[in-house]
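Protein chains: 2
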Amino acid sequence: MPARAETLRRYRRACDYLAAAMIHLKDNVLLTEPLRPEHLKPRPLGHWGTCPGLTLVYAGLNRLVAETGQRTLLVTGPGHGAPAIHANLWLEGTHAVHDPRLGLDGHGLAELVRRFSWPGGFPSHLSPEVPGVIHEGGELGYALATAFGAALDDPGLLVACVVGDGEAETGPTAAAWHSPKFTGPGDGRVLPILHLNGYKIASPTIYEAMSDDELTAYFTGCGWHPEIVDVRGTDDPDTPLAEALARAHEQPSGPPPMIVLRSTKGLGLPATSPDGTPLAGTFHAHQVPLPSAAGDPDELAALERWLRSYRPEELFGADGVPAPDLLEVPPAPELRLGRVPQANGGQLRRDLPLPDVEKYAVAVDRPGGVDASAPEVLAGWLAELIGRAPETFRVVCPDELESNKLGGLLEATSRQFDAEVPGYSEHLATRGRVQEVLSEHLCQGWLQGYLLTGRHGLFPCYEAFVSIVDSMVNQYAKFLKMSAEVSWRAPVASLNYLLSSDGWRQEHNGYSHQGPGFINQMLTKKATTARVYLPPDANTLLEVMHRCLASTDLINVVVTGKQSSPQWLSPEEARAHCRAGASVWEWASTADGDADVVLACAGTTPTLETIAAAELLRELAPDLRVRVVNVVDLLSLCPPDRHPHGLADEAFTACFGDDLPVVFAFHGYPSAVHEVLHGRPATARFHVHGYREEGTTTTPFDLLASNRMTRHDLAADAVTRARGWASAGGDLARELVKRRDALLVQSYRDGQDPEEITGWRWRG
Amino acid sequence: MPARAETLRRYRRACDYLAAAMIHLKDNVLLTEPLRPEHLKPRPLGHWGTCPGLTLVYAGLNRLVAETGQRTLLVTGPGHGAPAIHANLWLEGTHAVHDPRLGLDGHGLAELVRRFSWPGGFPSHLSPEVPGVIHEGGELGYALATAFGAALDDPGLLVACVVGDGEAETGPTAAAWHSPKFTGPGDGRVLPILHLNGYKIASPTIYEAMSDDELTAYFTGCGWHPEIVDVRGTDDPDTPLAEALARAHEQPSGPPPMIVLRSTKGLGLPATSPDGTPLAGTFHAHQVPLPSAAGDPDELAALERWLRSYRPEELFGADGVPAPDLLEVPPAPELRLGRVPQANGGQLRRDLPLPDVEKYAVAVDRPGGVDASAPEVLAGWLAELIGRAPETFRVVCPDELESNKLGGLLEATSRQFDAEVPGYSEHLATRGRVQEVLSEHLCQGWLQGYLLTGRHGLFPCYEAFVSIVDSMVNQYAKFLKMSAEVSWRAPVASLNYLLSSDGWRQEHNGYSHQGPGFINQMLTKKATTARVYLPPDANTLLEVMHRCLASTDLINVVVTGKQSSPQWLSPEEARAHCRAGASVWEWASTADGDADVVLACAGTTPTLETIAAAELLRELAPDLRVRVVNVVDLLSLCPPDRHPHGLADEAFTACFGDDLPVVFAFHGYPSAVHEVLHGRPATARFHVHGYREEGTTTTPFDLLASNRMTRHDLAADAVTRARGWASAGGDLARELVKRRDALLVQSYRDGQDPEEITGWRWRG
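As they're listed, the protein sequences go chains A and B.
In terms of UniProt numbering, the first sequence opens at residue 1 and continues consecutively.
In terms of UniProt numbering, the second sequence opens at residue 1 and continues consecutively.
Here chain A stands alone, though its shape is the one from the complex (with noise of 0.2 Å):
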C-alpha cells in the first residue's frame, strides 16, 4: 500500500475518532486518562453510523481536488453526519478561518468536541453555521436538486453530492435523478455519491434491497453511468474509491458518471454492545451507539475500548496537534471543501441589473379606462431582464409558464432540455434560462442551490400546488434566518414566488385548483423572512417584482390574477401605493374624509369586486359614505412591533379609522387577514370575505357566490354594518342578494360570466 493511503487511512481514523468524541465527550477528549463517566456529555447526542462513510468521501474528493486542482463544492444529504464533516473541517483548518477558538491545536479540538450539540454550540445536524454548507439535511430529500442548482451556470465547478440510502427513499430524491435531462453545457457537473449503508433508523433500505444489477439498471435507465464501489470487508477503501473518483472525473463522454457506494453502517464500532445488541453494520448504529456509558460500567469499558482502538495518540500529540502527515492530506487552502465560495454564495452575488419598469407599464390614462394581463406585462420586462443578466437569473416553473401566462419571456430564451425529443416541440435548447418540470419539488430544489450559490430567480406556479413544497419552505425559511445569524454569511438573493393561477380564476380546473393556503403557511415564518403581496393589476405587479428582485434574504410571495382585467393605478400611483402597502383610493371612495364604513381589498379579483361594490353603493345607497382601501402588501396590516412592514399606526388609521365597520375582501382564507391584524384596535370590526374552500368547476361568478364574495354580497355587507345604516341597510342587502342571485341563475343557465353578460365596467 503506498504511504498516500496510509496517511488517507491515518487522516480517517483521525475524523472518525473526532467525530465519535464529539458524540460522547465532553472532557478527556483525547483519552489521556482513563475514561470516567464525568468525561461524558451528560446528554449524548448525534448520529455515528453515516460518519465514517462520509468521512471516506471527504477523504476521498480532498484527494481528487489535491491531484486535479477541481473547484469542488460538497452537499450532503445525510445532514444529521454532522460530526464527520466538523471533524473533516477542522482537521482542513476551515473552522479556525471563521474562528480562532477551533484551532489546530488542543484548545481547539477540545473545543470542537464539547461544541457539537452543546447548547449554544454546533447544532446536531449540518446547518448555516457550519462552512461549506448549502444544505441542513435534516428534513431528507433534497441534496440532489440542490446540487444541481448549484452546478448551474458554473462550468468549472463540480458538486459532489453524497445521497444517504434513507434519502434516496423519498419521492424528491427519486424525481432528482432525472436533473441531468434539465442541466446543459453551460452548467457544471453534478457527481452522485448514493451511499449505501443498508439502514434507516430502525429499517433496511429499498436501495441496499436492490441487487447490484437492479441499481445499475435503475441509474442508466435515469441517464447515468454508474459505478458501484463496495468497500465493505476491504481494508483499503481509499483506493477503489479514488480511482472511481477519478474515473468519474475523466468526464467521458456518454452518461455522465456516478457512484454507489456500499459500505458498512457505523464502521469502526464494535460488533456488539455489552448487552449483546448489535452494532456495527445494522440500524442499531444510526445514532448514539453506546448511549448508556454514563450510568452503566460495561458500556462505558466498551465507549473506551472503542475509542481507543482509533490510537488518537498516534494521530496527535500531547498537545493536541494533529500529526504533520494528518495536515497535507487536505487540498491547497483555497480549495478546501469548507472554503469553497460557493458555499456562502451571498459573497459572490451581484445586484441584477433591473431594467426600469416604466418602460413596461400600462399607460392608465383613468382607472378601469384599459384591460390587461399583469403576468403578460411582467413577462416583457422579465424577457429584458433575461437579456441583461443571462448568466445569474432563472426561472424553474412545473411547466406553467405559458398557462401562467409569461410565454413572452420565452421571446429571450429557451426552455433548457438536454435530450433526444423525438417529436414537436417549441422553445427547447440545451441551454435557457427556463426549466419547465412537473415537480415542484426540483423547482424548488434547483432554486435554492441557485441562489444559494449567489444567483437570482423566480418560481412561477399554479397557486394551489405551491403547496407540494411546503415543507421545503419551511426549512429554507430555517436556513435563511439561522443564515443571517451567522457574522460570516452574506445576504443571498430572495426566493421569489409568483402565483399568478389563481384559485378564483381555476373555476375551469376545478376545486383541486382552488387553494390560497400557500398565504397561511407563510404566516407562521419569520417577520425577518416572509413578505405577501397581493398587486391588483399590472404597474402594481412590476413595483413589487422589482422590489422582490432587488431583496435579499427574504422568502417573497406574489399572488396576482393572470386574465385581462381592468387597471387601475397610473405607474406613479402604482410605486407610491407599493411603497405605502396600503391606500385609500379615493377614485372608488364616496366618502370624503369620514366614512361610514371601509371597503378593503386585497388581490385581484377582491379588487375588482369591492370597485364594483362601491359603484353598487354608489348607486344604490347614495348617502352611504363608502371609504375603500386597497392593500398590497398584505403584512402592512401587521403591528409595526410585529413586522417591519407593519403600517404606522397614523397610516393604519388613516385607512380602516378606530373603529369603523371594515367589510374586507380578501383573495385567501379569511384567517390569514385576522392573523395579520391581531393587535390591531378593535379587530372584530373587520369582516373578512375570502376563500371559504367552496368550489368545484363552475362559472366565475357562481364561484364568488358560493364564497360570499360578489359585489353584492361585499355590498350587503357593507350596508348592513355601516355606521347608521343598522335599519335601512337590511333592505338593500335583501335586494342585493337578490340581484345576485338571478345573475347566478342566468350564468348557470347560459354558461357565461356575468361580466359577459352584463359588461360592467367601472363608470367612476
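Just to be clear, a hint being listed does not mean it is correct.
If several chains are the same, the list does not tell them apart, and a pair holds so long as it fits within one copy or across any two.
[To be verified] Below, computed lysine to aspartate or glutamate pairings styled on DMTMM-like, alpha-carbon distance capped at 25 Å:
id	residue 1	residue 2
1	K359	E384
2	K481	D594
3	K481	D741
4	K526	E328
5	K359	D623
6	K359	D371
7	K526	E694
8	K526	D741
9	K481	E694
Hint data in this document are derived by calculation from the structure and do not stem from the laboratory.
Based on these hints, arrange chain B on the given structure of chain A.
For chain B alone, kept in the frame of chain A given last:
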C-alpha cells in the same frame, strides 16, 4: 381483424366522440344538423389530449375483465382526462345507475354532454361525483401510491393504475415505483400502465425522452417486468394492448408486470388547426384543441369535420341509443369498472373492533404522581387492536415507529417488506400491519388508497415533517368534502395522524425538526373535516385515539409528547375532559370560583409548564387567584357557529370568563390559537405563548426560554396581566425572569435539563 376488434374500435370511436362532444357541445350533440356556433359551449373546458389513450386502456380492461372475470379497480392518474372516463361510464350504464337522467338514450346522452364542465354539472377533472373514482388527479403525483393502498389486504383485487407521463415527473410518483417491495402475498396486485403520449402542458416529458432501453432498464431496476406497447402508427392498438394485459394478468412468477403504453397525444385530431397550429401528436392537443370555434368559421368547420370523422351516426341510433354491439363491450354489470365496490369503500367499511381503553390506562392516584410515555401506553392498545383487526387496519410510518415510541406495536405484527434483505433486521416479514418507508408521500398515498377502499389506519409521523404531505392533505380534504355532498358515497374511516415527536422535545435533532405548522394547515380546512387534539398525557391520548379511530370522514391530527412525563388525569377524568374538549383543572388552580387570571394550556409540554407556573405562583403570589384550564380539543375554542366542537358560550365562559386575562401556553404557533378564538368575546385578553420559530440543538429548557414558554415566563406574564396586579406583578415578574435565566445558565454549563437539576415535580 376479428369482429371483436372491430367492435372495440367502434366502442372507442363512440367514447372519443362523446369526450370531444363533452368538451365542445351543449346542443346538437349527435350532429343531426350542421354545426352552428349556438351549439357550442360558450366556454369550452376540458383536456382532450389524454382522452383517446384513457379510453384505449378502459376498453382493454373491459375486455380483460370480461374474459377473466377479474375484479378490477381503475385508478386514473390523469384526472383531467375526465371526459374519456365519463364516456365509458355512460356507455357501460354506470352513470344511469346513480342518475336516471343519464340513461342510455338520446336524453341521457345530451345530458351527459351538456353536464360536463357546466355550472352545477360534472367538474372538468375526475372527482368524487364520478362513480368508480377514488382519486382526483387534479394535483398530479399520487395515483400510483393510492393504487397500492387500495390493493393492500385484498388479494383478489387487480388495481389498474394509469400514470400519465406528466405525472411521472413528480417525486411522489417516482418514489411509488418502489411500492411492490412493501406489499406481499396477502395483498392484491397493482398493474401500472405508464401512459406516454409525449407531452405535458407545453413541453415534452422526461419519460418520452427516454429510449425504450432506458425505460426497460429503469423499471427493471425498480423491480418490475416492464412491457412496452407502442401503438403509435397502428390501426389496431387494441390487440397489442389486450395481449399485454392478458400476459400481465397471467401473473407470471418473477417481477410484477407493468405496461408502458406509447400512444399519440390527442389521437383523432386533425394534424393542424386552420391557423396552422400543429395538433395531433403535440402538446397543442392537451386541452381544448379548437377553442375559438364559436367565433371563427374556419375553426367551426374544422371542429365539425373532426367530430364527424367519428361518424356518430354509425354509433348511435337517431334516438341516441348506442348501437347494440357497443353495449356488449363492457363486462358483466357487477364487474364494470365504475361499479367495483372498492371505489365506494365506505359501503364496505365496518367499524373497527376497538378494545376498551381501560385495560391500558395508567393508574393516576393523584395528578403528577406517576410518569409515563403516552405513545408507549397507546402502543399496547394498538397492538390489541391489530390482533383484533388483522385485515382492516394498517399503520404507515416514515421509519419512525420506534422513534415515536410506538415500537410496542411490533409485538403484535411486523413491518411488511417483500425484498431480499441481505443483512441484519428486526420485525420484518412479507406480511405485516406496518409499512415503514422514508417517504411521507408514500405513507400518505398508501393510506388514502386503503381508507377510500373501506379500511382503517394510522399515520404516526414526526411533527415537523408531516408538512411534507401538506398538499396531499389539501387535496384529500377536498375529496372528503365533495364526497360528503354525493348522495351515493358512504362515509369512509377518518385519516388519523399521530404526531408524537413534537418540536419541544426535538431539542437534540435541532431546528429542522421543530415545526408545528401542520396545525395551522388543518385550520384552513372545513369545519366538517378538520379535528386537532393535543392530549397532554397517556389517558387522554387513549381517549382521543379511541374517538378518532371510531370516526368517519374526518382528518384527525393528534399531537402529543413521546417522552416519559407526569400523568395528570385518571381514566375517568380523561374521559370527561376529552368529552368536554376543554375544562378547568381545579386541582392545579388556586382560584376557588372567581379568578384574577387564567393560565390556559394545550399540548404536553405547555401543560407541564403551566402546571409548574401555577405552582410557582402558589408559592410566590399566594394571594393571586389562578385558574388553570387545559384544552385537549383545539377546535373547542371556536365559536359553536363556526365549528361543531366549539364550546357553548356558557362552557367557554366557565373556562375563560368574559373579560379575564388569559395567559395561554400553546404547543404550536400562537397564531393558531388566535385563529380559532376569532369570534369569541374580547379576544384581545388572550396572551398566547407558543413556538416563535426560535430553535436549534440545545436543551429543552433553552428551547422553551427562547420561545418565552418556560414556567417562569408564563408566571411572569400572569402576574403582570392579572386583574389588580399591575404594580405588584412587575417586581415578581422580574424575579421570575431572573430565576429563569439562572437555570438557563446552569443548563448551558452542565448540558442538563433543569428538570434533572432541580428534580421538580408537581406537589399539588
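Please sort K359 with E384 into within, between, both or neither, judging by C-alpha distance up to 25 Å. Only inside one copy: K359 and E384 sit 11 Å apart there, 71 Å across copies, limit 25 Å.
Taking 25 Å as the upper bound on the Cα-Cα distance, should K481 and D594 be classified as within, between, both, or neither? Classified as neither; 43 Å inside a copy, 44 Å across copies.
When no copy is specified for K481 and D741, does a C-alpha distance of 25 Å or less occur within a copy, between copies, both, or neither? The answer is between: 24 Å across copies meets 25 Å, while 49 Å in one copy does not.
Since the copies are identical, ignore which copy is meant and state whether K481 and E694 lie within 25 Å (CA to CA) inside a copy, between copies, both or neither. between (35 Å within a copy, 9 Å between copies)
With 25 Å as the alpha-carbon cut-off, assign the pair K359 and D623 to within, between, both or neither. Close neither inside one copy (42 Å) nor across copies (70 Å); limit 25 Å.
Quick one: K526 to D741, C-alpha cut-off 25 Å, is that within a copy, between copies, both, or neither? Between copies, since 24 Å is at most 25 Å while 43 Å is not.
Since the copies are identical, ignore which copy is meant and state whether K359 and D371 lie within 25 Å (CA to CA) inside a copy, between copies, both or neither. Answer is within; shortest intra-copy Cα gap is 17 Å, inter-copy 69 Å.
Within, between, both or neither: K526, E694 at alpha-carbon 25 Å: between (30 Å within a copy, 9 Å between copies)
25 Å Cα threshold - placement of E328 relative to K526: neither (44 Å within a copy, 63 Å between copies)
Of the numbered hints listed earlier, those contradicted by the structure are 2, 4, 5.
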